Structures are given as C-alpha cells and as structure tokens.
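Chains A and B, in that order, are what the protein sequence lines are.
Position one of the first sequence corresponds to residue 593 (my numbering), numbered consecutively onward.
Position one of the second sequence corresponds to residue 593 (my numbering), numbered consecutively onward.
Among the hints, a few may not be true.
The list treats identical chains as one, so a pair stands whether inside a single copy or across any two.
Derived DMTMM-like pairs (lysine to aspartate or glutamate); straight-line CA-CA distance at most 25 Å [to be verified]: (1) 612 x 907; (2) 693 x 709; (3) 757 x 865; (4) 932 x 709; (5) 702 x 679.
No lab work stands behind these hints: they were computed from the structure.
All figures in this text were calculated on a predicted structure; none of them were measured in a lab.
Single-letter residue listing:
Number of protein chains: 2
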Amino acid sequence: MALIVQKFGGTSVATLERIKNVAKRVARFHADGHQIVVVVSAMAGETNRLLGLARELQARPDPRELDVLVSTGEQVTIALTAMALTELGLRARSYTGTQVKILTDDAHTKARILNIDEANLRADLEDGYVVVVAGFQGADASNNITTLGRGGSDTTAVAIAAALKADECQIYTDVDGVYTTDPRIVEEARRLKTITFEEMLEMASLGSKVLQIRSVEFAGKYRVPLRVLSSFEEGGEGTLITFEEGTMMERAIISGIAFNKDEAKITVLGVPDRPGIAYQILGPVADANIDVDMIIQNVGVDGLTDFSFTVHRGDFHKAMEILQQVQSHICAREVLGDDKIAKVSVVGVGMRSHVGIASTAFRALAEEGINIQMISTSEIKISVVIDEKYMELAVRVLHKVFELDQPAESV
Amino acid sequence: MALIVQKFGGTSVATLERIKNVAKRVARFHADGHQIVVVVSAMAGETNRLLGLARELQARPDPRELDVLVSTGEQVTIALTAMALTELGLRARSYTGTQVKILTDDAHTKARILNIDEANLRADLEDGYVVVVAGFQGADASNNITTLGRGGSDTTAVAIAAALKADECQIYTDVDGVYTTDPRIVEEARRLKTITFEEMLEMASLGSKVLQIRSVEFAGKYRVPLRVLSSFEEGGEGTLITFEEGTMMERAIISGIAFNKDEAKITVLGVPDRPGIAYQILGPVADANIDVDMIIQNVGVDGLTDFSFTVHRGDFHKAMEILQQVQSHICAREVLGDDKIAKVSVVGVGMRSHVGIASTAFRALAEEGINIQMISTSEIKISVVIDEKYMELAVRVLHKVFELDQPAESV
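In isolation and in its complexed conformation, chain A is listed as follows (with noise of 0.2 Å):
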C-alpha cells in the first residue's frame, strides 16, 4: 500500500465526463489499496474566463481581490471531482488551498507556499477518504486567499507530496511523458522512461512545458518521487524524475535537446574592461524587474570588451531602451539588439563523465552551416544560442547526433 499524490490539469478536468475518468482512475487505484489525494486544477478556460471578467472592470485588476476570484476555478472542480467519487461509491473530501491550511507568503498571483497543515488530511487518508485538494491556491497569514501564478497546481501537488512523504506524485498532464526533445519537430523523439531530477530542471528551464520548474525545484529539495503520465491513456507509466545516478550504466549519456524561442540578445559592444561595468549594465535592467538569462563576456582587448546577454523577448524593447539610455554613461560604442533567436540546449547528467560532448555538438552544427553566437554550458547542459530559422535543424542534428532515436539500453 502506497501513498500517492495525482495531480491533474485543467485539461484532464476540461468537462464532467473527464472530471468521471479522473475519479474512475483513482478508484482503481484506491480499490488496489493505495491512499490518494487528488490534486486539481480549474476546469480549462473557466480561470481565462474569470480573467477576463477581472480585466472588464481594470485594466490592472486588484491582486488581493484577483486572487479571491480566479481561486473559484479549482474550488468548482473539488467539488465536482469530490461528488464524482462519491457517485462511484468511494468516501471523498474536497479541500481548498484555504481549508487544508497551505500556507503561503503574501505575494498575491504569484505566492510561494511556505508551509503546509498535512494533519486533516492525513487524519482523512486514514479513515479511508480519498482527499480532492484545490491546487494553484493556499491562504497567508491572515487568511487572504492567494494563488501560486500560473501552473501552480503541479507545485501544490508535489508540496503536499512532501508534506505526507507520498511514495509518488503523479502529474497527469496531455503528453504520456518526458521525451528526448519535442515529437513534433523530430519525429524519431522517444519517450524517457526515467529522467534526473537535475536534466527536468534543465529541460523545464529550457522550455520544455511538461512541467513547471517550481515544482520541479521543489520535488527537488524534498526529494518527492515525480512521475509525468498521461491522463487520456490508461497504463502508460510515463517518465520518472529520479534522484539516483546509480543507473548510469543503462543510460544515454545525453538525456535530451531542450529549445526555445522566448528569448533576445543584446550586445553591448566596446565598453571599458573595468570592475564593476558588469553591474553598471544590468543593475539598470534589474531594476526594471527584467530578468536576464545568459551573460557572457569576452576577455577585454586594449582595454575594452563586449558584453552580452538575453532577456525574455517580452522584456526585449523595454531592455534596448534602457540600454541606450546608459550608452553614453557606460561610455559603450555600440548598442545591438537581436530578437530573432532560438536557445539549443544539450542536457543530460552523462556528459558530467563524459568528454567531447560540447565538441560532438559543435561539429554537428557547423557540419549543417549554423553558426553559434552564444556558448553557455552548466555541468549538465550546453546551451548555444543561434539565428532561429535554424532552430528546428540544430534540433534534429543534435538528435541525431546523440544517437536520442536510439533505445537507451542500446548505448
């Protein structure tokens, strides 16, 4: 008998006759003798819905009262779900981020959960109960309601996961797992049966949308045995974010290519290589609240140097503004913007004991013409930032290249 927190998403829970399969899932595995707690999110569209209803009376709605309307969404789906495993004759409880207690910080759309009352719902689990808990929601230290920002419900599930010490917490989502790199761009994409929790931070961060790096942080430091499976097929087991590289020898050294195209570039050419130029160009842009991906800086040749880095490509004009404003200050010659670029990235623990993985990439895409314009590597990734019309090319060369189409038992 295991205690197993399932997590399922607004899509999973789009319509009353999904939100029965999701309550027909979970009896079986309540009927195996599991405990679960079932965590929700709102209906897909009804949070959109609530949204817009928010932005007819302001532009910028009120964050304390935002929360306390779009907190509703995962309220209605509790209770549905709730009654939907009553129908099927199991004893269920719903609980709302405010009810369980999930406490959080005041930081309302976007709070971090910093604590959470697991004694109601373990008291519920024992007495047979399947427990239904809001996700996205939690309540602050003087019970305002908040909501944790966008996909917040895979951080709420992996958080009480961590709460009850869950053997496993289940993400159901619309994909059946974590894949070697998006199956729409390399059709030979293979499903992972098991990944490293460091390579889905990775590949979380890279844009790869399966699930949210919050939540996959926090799985992280709580050590919660993390399984993405899909909702709409039955028996699939999906991909398992791992803790252990005791299995290394089974393994790809490469685990998957991550991609985006979220971000821009902008060099700041010709600046004095001086201490300190370093905060003088980005403590302008932090202070606008933008944040900055990779910084590079070349070493400086008589006495200047080049400075670049990315920003989301949301943030890009906002940034090139302030830039120019600073040009003259920091005594820079030039100012250059680029928002036609895609992030490569190489993930996978393998490369750790594993030399030659950057130049096996590198020789790939010069083989293919693509020139590389940004390097930035960590002890598991490589990252490479090139013009994005060649984006869906370097993917599938480095695909290729890491032989990912292959079975890993074959390696």
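Here the structure of chain A is known, so what remains is to put chain B in place on it, guided by the hints.
Below, chain B without anything else, positioned relative to chain A:
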C-alpha cells in the same frame, strides 16, 4: 455618519455593468461619510448553473460538496464588486463567509448562523475600507463551507448588521419597496413607507416574496432596522421595516393583502371526536416530512367531527396517499382533497385595536359571491381559503374595502 449594510441580490449583480452600478451607488453613500458593508449574492443564473453541474454528476449531490461548489458563486461576485469599488478610487476588501468568519451549524445547504466574528470587518471599516461580504455562506466549527439555503444572502446581511449594530440594513431588490398588495393584480396598490416587523413577517410567510422570512425573523430578534429598496431606481426611500407602533395615528389599520396559490387542502370527514385524533391524522403526515400550515377542526356533532388542513401543493399527492392509508385506522368516513385553492390574507397591526375587521372582510367577499372554505386568524392577520379562481377578485375587493389605495396620511 452611519454604519449601513447594503445587500444586493443576484439580479442586481447579474452583469459587470450592474456590478459597476452597485459600486457607484455604494461610492455615493461612502462619499456622504457613511461606513458601508456590502453583501452580495451570486450573479443571477450562476447558482443554477453550478447546481446543474452537480446534478449531472449525482442525482442527489453530496451536501458538503454542493456547498463547496455553489459558494463559489458569491465568491466571484465579492471579488468583482471589490474591484469595481477600487476602480472608483475607494479602498475595498472582500470576505468569504469562511474569512469573516460566519459560524454556522453543520446543516449543509440549509445551515443556520450561530455567530459572526465582526472584529476584522470593524477594523477595516475604521480604516476607511468598504467591506464586501459574500452572502448565503458560512463555515461550521470544523471550517467546512456551509450555505444558508436559497435567499440566504438576506439573512447574511441582517446577521452582519446585527453583529455590527448597524444603523440600517438596506436590502436592494427588483421592486422599490413593500406594497399593499401585488401591483400586477391591483393597479392601485401602493408602496408602504413603513411596515412593522410583525406585519412583514406575515406578509413574507404569506407569499410576498420581497424578503426571505428567515431574514425578517432575524431582524426582529436583533431589532435591526431593515429597509427594502429598488436596486434599479435611484433616490427612492423604499419601505422601512420598523419595531415601533408609536406612529399608529398616521397608520392605516390594515397594511396589506397577501395571497398565494402554494397550498392544497385536505379534509377528513366523519372522524370520531376523541382525544388524540388530531395526532393520529397529522402524525403520519409529519413523519413524512410534510409541513402543515392551517389546521381547522370543527366542533363535533354526534361524536363525529370534520378535520381540515393545508399542505404545500407539491406535497399534496403524497399527503393524500398517506391519509388514504390511515383512513380505516382512524375510522374516517371519507378523505377529500382539493389543490385548486388560494389563501388570501388581510394583514395589519391595526386590527389588534379595531373590532370588525373580520366581518368587513367576510361581508366584502360574500357580496362578490366568494365562498370561504377555511378561516384562520392571528392577532394581526385574517386568512381565508377560497377557490383559486376567485383569488385575484378577492384581493382586489379586500384592497378596496380597506382603502389601501388611499395614501396612509389621509386615513
């Protein structure tokens, strides 16, 4: 400066435009220096939409989960109303029933309010906030969400007014006050400037749908000054429900004519006139959870008596079946039923000190050839049961004979 609780029902907040109008009205009161608590219902149609979802899942939805579900209706409205107020430059803060906290018993879908913790509301009012509270809902001692049953938002408003010792509780509806009778039946029907609490209670219990009877009872218990106003017309003074009869000189003897077609009549003929017979007849009816309204037993002749009572029309067939089953047991000659009846009532605290009201009413009906089937009286009302086809005629005749079409001042 007064503390005013203003309640707006579902039709008053049915659309975003109407919510904006509510906000404008509240803002004007606030600008006059008043402290305002706004109590709102779900947007018209929303509660039924949610109930519909529940009933697609369960023929008899789980009551606890039903309350979790339908309470989202008011939660949406409080958030939107607070946003509309904020957009007008006011400070506003919303509260769910749980957040207030409005403590109720645990009778899901028909809970009763036990206590209201008004400390937070009062602190917000002192800080200049308009406080927006969800009607219709509360939480039991275990923090389960409860609802007060249909029309419960009126009760919430009155209960909060009582807890805060508000100067007035204003109920905004789609009519502009309490009328001497329904203007759709009697064109000359007149809005009452005041009505006593006891009269209002009779009017409400007799089918006048302006206020939910529980809220009137609550107002009476805590002596909350209650005013009924139109939410669509500006500047009206509506009808004030008072607790004083001191202004009797200016008052009509009779305040209004109430009526309904909600009931059906059952007569048990020729039952032995012995102790316990009423219980033998009504016991099985009560056991079947059927409410009985009027009960009449005539003086017995030759050791036999006739026994009549009325039930809600929806319970008529069930009640008849029960009576036919017990007929032989109680040695009754015959059981007769009639669901084509109407109850018409003359209501007024003035009749306490005036004789002849009953005879005036009976003569007026007799002159129109309307046969009276049952009569029941209280200190401030006379009700008669008649054939339903004469109902409108009876209402018009009684309205005229008691000069209700004349302004109160001229009496």
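Against the structure, test the hints numbered earlier, and report the numbers of the ones violated in rising order.
-> 1, 3, 4
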